[in-house]
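Trainee: With the hints as constraints, model all of the structure from the sequences given.
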Amino acid sequence: MLLLTGALRATVPRFARAFAVFSVTVTLSIPPGRCVLQRRLPLSNLSADYWPHLHPVNMFNSCDAKKFYHSKALTSPYPGSHVERSRVPEDKVSWLIEWEDYNPVEYTARSVLAGPSWADPQINDKSFSPKFNERDGEVERKSLNGLYVVENGRPRNPVGRTGLAGRGLLGRWGPNHAADPIVTRWKRDGSGNKIAHPVTGKNILQFVAIKRRDCGEWAIPGGMVDPGEKISATLKREFGEEALNSLQKSPDEKAELEKQLHKLFSQEHFVVYRGYVDDPRNTDNAWMETEAVNYHDETGETMDSLPLEAGDDAGVVKWVDISEDLKLYASHNYFIKLVTDKREAHWSEDPSHACYE
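Counting from 1, position 298 in the sequence shown corresponds to residue 298 in the UniProt record's numbering; the numbering is continuous, with no gaps.
Hints in this document: simulated from the structure, not taken from any laboratory. In this text, all values refer to a predicted model and were calculated from it rather than measured experimentally. Be careful, since some hints might not be right.
Below 16 Å or equal to it, Euclidean Cα-Cα: the simulated EDC-like pairs (lysine to aspartate or glutamate) are [unchecked claim]:
#: 1; residue 1: LYS318; residue 2: GLU241
#: 2; residue 1: LYS72; residue 2: GLU90
#: 3; residue 1: LYS131; residue 2: GLU151
#: 4; residue 1: LYS72; residue 2: GLU217
#: 5; residue 1: LYS342; residue 2: ASP304
#: 6; residue 1: LYS254; residue 2: GLU241
#: 7; residue 1: LYS327; residue 2: ASP297
#: 8; residue 1: LYS211; residue 2: GLU309
#: 9; residue 1: LYS263; residue 2: GLU298
#: 10; residue 1: LYS259; residue 2: GLU241
#: 11; residue 1: LYS202; residue 2: GLU344
#: 12; residue 1: LYS187; residue 2: ASP304
#: 13; residue 1: LYS327; residue 2: GLU217
#: 14; residue 1: LYS263; residue 2: ASP321
#: 15; residue 1: LYS202; residue 2: GLU324
#: 16; residue 1: LYS342; residue 2: GLU268
#: 17; residue 1: LYS211; residue 2: GLU241
#: 18; residue 1: LYS342; residue 2: GLU309
#: 19; residue 1: LYS187; residue 2: GLU90
#: 20; residue 1: LYS194; residue 2: GLU84
#: 21; residue 1: LYS263; residue 2: ASP304
#: 22; residue 1: LYS194; residue 2: ASP313
#: 23; residue 1: LYS211; residue 2: ASP297
#: 24; residue 1: LYS263; residue 2: ASP297
#: 25; residue 1: LYS202; residue 2: ASP189
#: 26; residue 1: LYS202; residue 2: GLU301
#: 27; residue 1: LYS187; residue 2: ASP297
#: 28; residue 1: LYS194; residue 2: ASP297
Mentor: Here is the structure:
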């Protein structure tokens, strides 16, 4: 049985108006040659094929979005295990494609089943009555991309099949919300002048990168949003913990660090991306979503007073020059590319590489 919980609690007139707007948007956004005017798509069957056109602040553009959108979420073995996903052909990822023989592997990590504070109980736990598609006490179960389907009591990955059921390493059924602060500055020479790339002539941007302890990949500092926590607080907290080792500072050091962080995070910034993330931890029933925000230190003076020091989940932290040669965790390459576009900074020596690959 398919349900869109939360939405059906609304009054009928409100739901009808919302559905009408939703249907028109989908119809007008379909590329030429894909006629859907003969029938309206049921709201509960919408998937990644249509999401790109409905949510402007996201990773979708004209650059083969579908390939980028669900790639790492199909990789095996599943992180931190020897579990192999059931193979999902590219043409069977979408839930819109019927696949009666689909039989995903069921897997939830022991660390999740142990019942830590950041994890939900199992769906069949009689004491567990989650309110999907809405705020559930201190836990945010709404998706940044809109309503998602709940099938047989389990949320369904809105992008499509992953070959793995359960939660894997993720604590929450449905969306698991994170925040990624992208702190940048211009690369400068010994005299303080900005350094331009010799081929493109564009100034080179740098960002604070960490090397993750869990997988060894380079990434943007960031982490999960705590229950009841504002995104702005998560962004500042995670940067302090992973890039400045704030958890190990003395009370006096923490107070001074907080002042500097407040100055940095009060500077001009913009939301790079909000929504679903193509992440290797994603499953059919649990997935990552994030809000990535760029905080730019134009003069570099603020960050000069904040010496980088790896902490928490970070093994190493350093300033990294931005270019298309970066190999980063999950969808972080794409977020960085969006920042270079906004800042008109160097990305590629080849002008034809306008799209992330």
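Trainee: Now tell me, hint by hint, if it's right for this structure.
Mentor: Cross-check of the supplied hints:
1. Restraint check for LYS318 and GLU241: satisfied, since their Cα atoms lie roughly 14 Å apart, inside the 16 Å limit.
2. In summary, the hint linking LYS72 to GLU90 is supported, as the alpha carbons are separated by about 12 Å, within the 16 Å threshold.
3. Between LYS131 and GLU151 the alpha-carbon distance is near 14 Å, which keeps this suggested pair within the 16 Å criterion.
4. About 13 Å separates the Cα atoms of LYS72 and GLU217, which keeps this hinted pair within 16 Å; it holds.
5. Only pairs whose Cα atoms come within 16 Å are accepted, and LYS342 paired with ASP304 is rejected, the gap being roughly 23 Å.
6. Distance hint between LYS254 and GLU241 is fulfilled; the C-alpha atoms sit about 11 Å from each other, no more than 16 Å.
7. Our distance criterion of 16 Å between C-alpha atoms is broken by LYS327 and ASP297, whose separation comes to about 23 Å.
8. The hinted pair formed by LYS211 and GLU309 meets the criterion: a straight-line CA distance of about 12 Å does not exceed 16 Å.
9. Restraint check for LYS263 and GLU298: the C-alpha separation of about 13 Å stays at or below 16 Å, so the hint holds.
10. Proposed proximity of LYS259 and GLU241 is supported: the alpha carbons are some 15 Å apart, at most 16 Å.
11. With a C-alpha separation of about 7 Å, the suggested pair LYS202 and GLU344 falls inside the 16 Å cut-off, and the hint holds.
12. Distance hint between LYS187 and ASP304 is fulfilled; the C-alpha atoms sit about 13 Å from each other, no more than 16 Å.
13. Taking the CA atoms of LYS327 and GLU217, the gap is about 8 Å. The hint holds against a cut of 16 Å.
14. A threshold of 16 Å between alpha carbons decides the hint, and for LYS263 with ASP321 the separation of about 23 Å lies outside it, so the pair is violated.
15. At most 16 Å may separate the alpha-carbon atoms for a hinted pair to count; LYS202 and GLU324 meet this at roughly 14 Å.
16. Among the hinted pairs, LYS342 with GLU268 is consistent with the structure: their alpha-carbon atoms are about 13 Å apart, no more than 16 Å.
17. Restraint check for LYS211 and GLU241: satisfied, since their Cα atoms lie roughly 13 Å apart, inside the 16 Å limit.
18. Of the pairs offered as hints, the one joining LYS342 and GLU309 is violated, with about 28 Å between alpha carbons and a cut-off of 16 Å exceeded.
19. Only pairs whose Cα atoms come within 16 Å are accepted, and LYS187 paired with GLU90 is rejected, the gap being roughly 40 Å.
20. As the CA atoms of LYS194 and GLU84 are separated by approximately 47 Å, the hinted pair breaks the 16 Å bound.
21. Distance check on the hinted pair: LYS263 and ASP304 sit about 12 Å apart at the alpha-carbon level, within 16 Å; holds.
22. For the given pair, LYS194 sits about 32 Å from ASP313 by alpha-carbon distance, which is inconsistent with the 16 Å threshold.
23. As the CA atoms of LYS211 and ASP297 are separated by approximately 22 Å, the hinted pair breaks the 16 Å bound.
24. Distance restraint check for LYS263 and ASP297: the Cα-Cα separation of roughly 10 Å lies within the 16 Å cut-off, and the hinted pair is therefore satisfied.
25. Our distance criterion of 16 Å between C-alpha atoms is met by LYS202 and ASP189, whose separation comes to about 15 Å.
26. Our distance criterion of 16 Å between C-alpha atoms is broken by LYS202 and GLU301, whose separation comes to about 21 Å.
27. For the suggested pair LYS187 and ASP297, the alpha carbons sit about 11 Å apart, so the restraint of at most 16 Å is met.
28. Of the supplied pair hints, the one linking LYS194 and ASP297 holds, its CA atoms being roughly 13 Å apart against a limit of 16 Å.
The structure is inconsistent with the numbered hints 5, 7, 14, 18, 19, 20, 22, 23, 26, although it conforms to all the rest.
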